[in-house]
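Undergrad: Sequence:
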Amino acid sequence: MKKRTLIISAAVLIILCAAAFLLYRQFAPSPSAGKKDVSITVIHKDKTEKTFSYQTDAEYLGEVLREEELVKGEEGDYGLFITEVDGETADSSLQQWWCITKGGETVNTSADQTPLHDGDQYELTLQEGY
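Numbering (my numbering), first residue to last: 1 to 130.
The hints are simulated quantities; they were obtained by calculation from the structure and are not laboratory data.
Beta carbons are placed, not taken as given, at the ideal position from N, Cα and C, and that holds for glycine.
Treat the hints with caution; some may be incorrect.
Taking lysine-lysine and the DSSO-like style, the derived pairs with C-alpha atoms no more than 30 Å apart in a straight line are [to be verified]: (1) K102 - K50; (2) K72 - K35; (3) K72 - K3.
Restraint-style ranges between C-beta atoms, simulated for each label pair [what the hints assert, rightly or not]: (4) D86 - A18: 40 to 46 Å; (5) N108 - L16: 31 to 37 Å; (6) F21 - E128: 15 to 21 Å; (7) G87 - I7: 56 to 62 Å; (8) A33 - A10: 39 to 45 Å; (9) A18 - E84: 24 to 30 Å; (10) E88 - D37: 33 to 39 Å; (11) D86 - I8: 35 to 41 Å; (12) G103 - I15: 53 to 59 Å; (13) D91 - R4: 22 to 28 Å; (14) S9 - E128: 42 to 48 Å.
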């Protein structure tokens, strides 16, 4: 009886995981094709701001950041981990990191997983503290 319950529980869990994956794929944001105008505002540690505007065919934010050499970083499990933007390097000993926002709202995906659309405006802000 215990073995049967365990098998049924495992099957239900697998079905729920598969359903969650399919729902995510169905409703996940997708990039738009073609030329896009995108702007990226860099907010440095001293709170100075510099805005960069690009016309690109890139589908994801990470692509345009690399193509335009605005950032440097390391490849991680989720894509690009940004370590430097516009010549300013985040100091990990001070718990500094680059935060991606869109319209002031935190983006919950990495640069490589953030789809681009015409007119998008992103911010890269040097943050301190995890």
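Undergrad: Each of the hints needs a verdict: does it hold here or not?
TA: Structure-based check of each hint:
1. K102 - K50: Measuring from Cα to Cα gives roughly 15 Å; hence the hint holds.
2. K72 - K35: Distance of about 24 Å is within 30 Å: holds.
3. K72 - K3: Given pair K72, K3 is violated - Cα atoms ~52 Å apart, limit 30 Å.
4. D86 - A18: 40 to 46 Å: holds (43 Å)
5. N108 - L16: 31 to 37 Å: Because 22 Å falls outside the window, the suggested range is violated.
6. F21 - E128: 15 to 21 Å: With Cβ atoms ~36 Å apart, the hint is violated.
7. G87 - I7: 56 to 62 Å: holds (58 Å)
8. A33 - A10: 39 to 45 Å: holds (41 Å)
9. A18 - E84: 24 to 30 Å: violated (40 Å)
10. E88 - D37: 33 to 39 Å: violated (25 Å)
11. D86 - I8: 35 to 41 Å: Between D86 and I8, where Cβ atoms are some 56 Å apart, the hint is violated.
12. G103 - I15: 53 to 59 Å: Distance hint for G103, I15 is violated at roughly 37 Å.
13. D91 - R4: 22 to 28 Å: About 57 Å separates the Cβ atoms of D91 and R4, which means 22 to 28 Å is violated.
14. S9 - E128: 42 to 48 Å: holds (45 Å)
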